[in-house]
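J.: Sequence:
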Amino acid sequence: MEVQQALDTDQTLADRVNALGQGTRPGVWLQATGGSGTSRQAGTATAHDNLGGVMAGVDVPVAAHIQIGAALGRSHLDATLDGLAGRIDGALDTVAVYGRAGRAQGVYLSGRASEGRLTANIERTALLGNSLQSLASNRTDTITAGTLELGDTLGHWTPYADLTGIRLHQAAFTEAGAQGFGLTAPAQSHTASYATLGLRYGTGFDWALGHSNLSGWLAWQRLLSGANLGFTAAFAGTPTATFIAQGQSLARNTLEGGVDLDTRFNRTWSGFIDLGLARARGSNVSKLANVGLGSVRF
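Numbering (this note's numbering), first residue to last: 266 to 563.
Don't read these hints as lab results, they were simulated from the structure. Please read all numbers here as calculations on a predicted model, not as lab measurements. Just so you know, nobody snuck in bad clues.
Label pairs and their in silico Cβ distance ranges:
hint : residue 1 : residue 2 : range
1    : 317       : 413       : 26 to 32 Å
2    : 345       : 434       : 19 to 25 Å
3    : 511       : 323       : 40 to 46 Å
4    : 497       : 401       : 19 to 25 Å
Where a beta carbon is used, it is the ideal one built from N, C-alpha and C, also for glycine.
Let the sequences and hints guide you as you build the complete structure.
T.: In structure tokens form, the structure reads like this:
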């Protein structure tokens, strides 16, 4: 789940980086962000997650055809797992930087990086004999992601490829309740890497609200490493008898697509809408929507 949140943040930044090629003045932007996902895998409980929040950033040109930006985000995460598997209620704080080098047409190189801190309260129920026992824990995990993208804009079409690295640091935790049958685990980290090949189409047009740039994209994402998210744990009553706690693995292949609409209302104000969908084999689905509340360029 946390890895998917990092990928959603990375896609949000990718949309902003794509917009950098359309402007040459500093700007400030603010957006509402929403996302949801469902993950099913044989042998594990189906997971459902919802994320909603805000993100604000600033774009600054630092040289001819080179722009950089930074952003801060705050979101609320609510996730549930079917059956007795539990629920998560948390707050996600994100800081990000991004940049693009290249003209609007031709070869470009872009990068984006983010770090998120998820402070979560986790509750689940365990069946012990004939009775149900409540378990609870809280922890603050950190997830860091970085992407390098290389593309070539040829008229309306932009083929591109990127590499993404993700590091999840899971904080130590101990579940309270269930007479010592809750889990306890030390702090530990997990890494994963992805490669993506994509194609973007963009066009511009004028209408009643101003000048708009409409783009659509389709991409295939391949997991290169880090599929297994298992971690070392033990029962709280017997902390030295460790084992590997297994959960859902990361999807190997994911098909992604989306539509972005950026509109310049006048010399000062603009707005945007970004919609994205990702689907992997096994009914793993992630939906993402960003609506720009306003962009000021000065």
